[in-house]
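**Student:** Fit chain Y to the known structure of chain Z by using the hints.
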Amino acid sequence: MQDVVLAMLAKEPAHGYELRSRMRAALGPLGEAMNAGQIYVTLARLGRAGLVTSERAEGLPDRPDRRVYALTPAGQQRVAGWLAEVSWPKPDLTEFHLKLVAAAAARLADPVALVDAQRREVLRRLRDIQRAALDRSVDPVAGLLLEGVVLRLRADLEWLENCERTWTGRDRTGRKAGA
Amino acid sequence: MTGSPVLQARGLSMLYGDERALVRAVDEVDLEVPAGQSLAVMGPSGCGKSTLLHLLGGLQRPTGGQVWLAGHRIDTMSERDLARLRRDRIGFVFQAFHLMDELTAVENVELAALLAGQSPGRARKRAMYLLDRVGLADRAAHLPSALSGGQRQRVAIARALSNEPLVVLADEPTGNLDSAATLEVLRLFEELHAAGQTLVVVTHDARIAAVADRVIAMRDGAFADDSQLANAATGTGYGGWR
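So the sequences go chain by chain: Z and Y.
Per my numbering, numbering of the first sequence is gapless, rising by one per residue and ending at 179.
Per my numbering, numbering of the second sequence is gapless, rising by one per residue and ending at 1242.
Take every hint as true, because none was put in to throw you off.
Computed footprint of chain Z on chain Y, listed as stretches where at least three residues anywhere in the stretch have a Cβ under 8 Å from a Cβ of chain Z:
| # | segment |
| --- | --- |
| 1 | 1176-1187 |
| 2 | 1208-1221 |
With a straight-line Cα cutoff of 25 Å, these simulated SDA-like cross-link-like pairs (lysine to any residue) come out:
| # | chain 1 | residue 1 | chain 2 | residue 2 |
| --- | --- | --- | --- | --- |
| 3 | Z | Lys99 | Y | Ala1224 |
| 4 | Z | Lys11 | Z | Pro140 |
| 5 | Z | Lys99 | Y | Asp1226 |
| 6 | Y | Lys1125 | Y | Pro1144 |
| 7 | Z | Lys99 | Y | Ser1227 |
If you are wondering where the hints come from, they were derived from the structure by calculation, not from laboratory data.
All of these numbers come straight from a predicted model, not from anything done at the bench.
Ideal Cβ positions, reconstructed from N, Cα and C, are used throughout, including at glycine.
The shape of chain Z in the complex, shown without the other chains:
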């Protein structure tokens, strides 16, 4: 969040609400869940870290939403570093994988039933995102984000299908093998 807010400020000094509307526009339907307060909390932290300065507007009460924020030279450096970074979010499947292993080992639950329940949940998310993408009013750039989310969820579903196939053929609680 801090890096994103800094980068959004790189274009020109701005009010917090301008940053927020820039981000919302870029995120499309996924931006609707964004909380206004988060921006100001982040801006305050960035100010304390010396990455952002702010000026109060003339003749108005001194409130975070009245101030104009700008990058400091250190803030600009940090943005340049962030853009050059190649970190990438890792989808963490380990926990679910271990859940299946533990459930089967302790005969606590049928791994295939767990896979089914998980599939319903992933399918529900995919459906919500895909429905958002079906809206013709979604801006093409924001649509790219939705498409990326859809692709990831489809990969998750494919993996769940493989989990199901493997666990179906194994000895497990409650169901007959190889049905």
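**Tutor:** Below, chain Y alone, put in the same frame as chain Z:
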């Protein structure tokens, strides 16, 4: 938007081979599809979903069980009656479009109506209306070879609607399409669903779930999971905003 069942199956089975190598492509499936429902049947290739669709649409005869369409039992119908029923009451959409290459888009759409004995004038009018509905009025005179994959599938959907079918049966309709064309087909299905069309789609493509009221997971010829998805608008994203 659901009502009395349009499509029903009881103990529906399709077995291949003999005792030594018996394949249960469809294994005693029970199904009721209420009017106006959009149903997606999902599963890996080989799970029997295409065979199921063929049995429901009277394209194949089951080795066991029964199929009813709007209260009429179809698995025991004569070949002639079955052909007429498929032409008049069911709309089919296939992965490979199955358009006639030598006919234009509008000729493909009106063909079924002409075969059913409708006047050329009425058939053409309806075909043009349907092409307009799928956003291809300006491509009416094009041959399929001059259309993109997504456009061909939309022509095929218009054709499937020409007889005002009781149900549209689609087999992997987005299987040959890129993501933009898939979005167009999904939008079209969504509009059909909103207009009350009963839809059954068998697919590997989970994106179809976006336009389905109900998703059935099929494996080894049987239903493993049957879930009604709430018609919720956007909400919980994948990761969403942090």
